[in-house]
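Enquirer: This is what each chain is made of:
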Amino acid sequence: MSKRLGRSRELFVLTYGALVAQLCKDYEKDEDVNKHLDRMGYDIGIRLVEDFLARSAVRKCRSYSETVDVIAQVAFKMYLGVTPSVSCSNTTENEFFLMLDKNPLVDFVEELPAGRCSLCYCNLLCGVIRGALEMVHLAAEVTFVQDRLKGDDVTEIGITFSKKLEDKKHKRQK
Amino acid sequence: MPLVELHLLKCSEVTGADMAIFSVYVVNKAGGLIYQLDHYAPRSETEKTFSFPLDLVLKLHDERVVVAFGQRDSIRVGHAVLSINGIDVNGKYTADGKEVLEYLGNPTNYPVSIRFGRPRLSSNEKLMLASMFHSLFAIGSQLSPELGSSGIEMLETDTFKLHCFQTLTGIKFVVLADPRQAGIESLLRKIYEIYSDFALKNPFYSLEMPIRCELFDQNLKLALEVAEKAGPFGPGS
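Residue numbers (our numbering), protein chains in the order written: chain C, 1 to 174; chain G, 1 to 237.
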């Protein structure tokens with residue numbers, strides 16, 4: 001069973017790599033590649049969220065931190081087989097971080113090519129999370145705050161929710 | 001073994017008409033109807049041969065020819081003319097272009113065989129009903145004494161039960177079924193899965209638009225049949 005999954009995961013990782021490589025050929029600027037990856041991720045996220053909600057039977061989340069926990073422990077596990085660890089910012093109230101210990105998307109990537117130092121290789125993931133959150137009426141900015149491929153120690157995705165949590169007035173949803 | 005199967009078949013034949021899922025509606029976040037399926041209509045239709053003059057009074061109402069007076073046998077007031085001599089009637093014209101009231105007013109056309117029955121909802125009417133339900137659903141949660149209540153989940157009448165499931169993203173799946181039919185809750189979840197698979201994963205389907213995906217239709221009908229077979233005790237799985 002795991003061998004079968006392994007094969008199709010390889011195909012997925014290779015497909016993703018081919019996608020990024022093609023975008024790099026099509027666009028000179030790193031920002032453009034990042035933008036397109038984010039856009040594609042967004043289009044995936046708005047659809048994937050329904051599949052996630054249909055199959056995972058998660059309940060409405062009551063807080064931003066519950067939402068981020070669900071993303072890390074249920075969604076990431078379901079789709080990528082990894083569980084990032086969650087932490088929240090000391091300074092900003094609605095900012096959370098997902099630290100990716102293992103990231104299957106970069107299994108075969110050693111380092112970014114020369115001249116591509118601002119490329120966010122996995123930016124698709126940011127778009128997916130942003131799109132998914134938007135469909136459950138949560139506006140958020142999702143970016144890579146740290147990236148091992150860029151030379152940082154860890155890979156971390158930052159999720160910043162746009163609106164302040166109004167306690168007791170609305171139940172937050174995920 | 002074959003005898004037992006035969007017995008079960010007969011049971012379902014007898015009760016088949018009772019355990020049914022009548023229709024499925026899918027409503028998008030704005031209240032627009034994006035999918036509708038009439039699976040089973042417990043329609044009471046009567047076909048009779050008439051001679052001139054017609055002892056029923058027919059009149060045009062809402063673009064349909066309906067019985068206004070002269071209710072008899074199983075032909076009730078409000079029933080529409082569904083077909084004449086086997087040819088379907090659409091609104092006030094037959095399928096071959098004849099105007100119904102004019103045709104039935106002419107003695108040379110008799111004897112004539114007319115089928116009466118409860119008129120089907122037109123697609124416009126279904127659209128309006130769906131958007132009206134969308135509003136009522138929202139009102140339901142506003143009326144609630146508790147904060148953060150859900151909207152209408154079930155609407156019960158003596159002839160059917162309407163079940164509604166709203167996803168966290170705002171799409172509503174509505175199923176109208178026989179009051180005794182069980183397992184609708186899990187059917188609604190199954191329809192959500194089918195929607196996420198065959199509508200959303202179709203790259204050419206645009207979100208919030210009417211669903212015109214063959215695979216969605218097929219799988220939905222399959223799911224309805226499974227739910228119906230389970231009868232009043234719910235599906236085994």
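The set of hints was computed from the structure by calculation and includes no laboratory data. Note that the coordinates shown come from a computational prediction; the quantities given were computed from them, not determined experimentally. Fair warning: there could be bad hints in the mix.
[Unchecked claim] Dumping the calculated BS3-like pairs for lysine-lysine here, alpha-carbon to alpha-carbon at most 27 angstroms:
1) G/98 / G/48
2) C/25 / C/163
3) C/60 / G/201
4) C/102 / C/163
5) C/60 / G/29
6) C/60 / C/35
7) G/229 / G/29
8) G/161 / C/35
9) G/98 / C/77
10) C/150 / C/35
11) G/98 / G/59
12) C/60 / G/48
13) G/59 / G/92
14) C/163 / G/29
Enquirer: Each hint needs a verdict: does it hold in this structure or not?
Expert: Hints, one by one, checked against the model:
Of the supplied pair hints, the one linking residue 98 of chain G and residue 48 of chain G holds, its CA atoms being roughly 20 angstroms apart against a limit of 27 angstroms. Restraint check for residue 25 of chain C and residue 163 of chain C: the C-alpha separation of about 37 angstroms exceeds 27 angstroms, so the hint is violated. With a C-alpha separation of about 24 angstroms, the suggested pair residue 60 of chain C and residue 201 of chain G falls inside the 27 angstroms cut-off, and the hint holds. With a C-alpha separation of about 30 angstroms, the suggested pair residue 102 of chain C and residue 163 of chain C falls outside the 27 angstroms cut-off, and the hint is violated.
The suggested pairing of residue 60 of chain C with residue 29 of chain G holds, with an alpha-carbon distance near 17 angstroms, which does not exceed 27 angstroms. A hinted pair counts as satisfied when its Cα atoms are at most 27 angstroms apart, and residue 60 of chain C with residue 35 of chain C does not qualify at roughly 30 angstroms. Taking the CA atoms of residue 229 of chain G and residue 29 of chain G, the gap is near 32 angstroms; set against the 27 angstroms cutoff, the hint is violated. Between residue 161 of chain G and residue 35 of chain C the alpha-carbon distance is near 48 angstroms, which puts this suggested pair outside the 27 angstroms criterion.
For the hint pairing residue 98 of chain G with residue 77 of chain C, the CA-to-CA distance comes to about 64 angstroms; that exceeds 27 angstroms, so the pair is violated. Distance check on the hinted pair: residue 150 of chain C and residue 35 of chain C sit about 17 angstroms apart at the alpha-carbon level, within 27 angstroms; holds. Between residue 98 of chain G and residue 59 of chain G, the direct Cα distance comes to roughly 16 angstroms. Compliance with the 27 angstroms bound is thereby established for this hinted pair. Our distance criterion of 27 angstroms between C-alpha atoms is broken by residue 60 of chain C and residue 48 of chain G, whose separation comes to about 56 angstroms.
Taken as a hint, the residue 59 of chain G and residue 92 of chain G pair is honoured in the structure, with Cα atoms around 10 angstroms apart against an allowance of 27 angstroms. Under the criterion of a C-alpha separation no larger than 27 angstroms, the hint pairing residue 163 of chain C with residue 29 of chain G is consistent with the structure, at around 21 angstroms.
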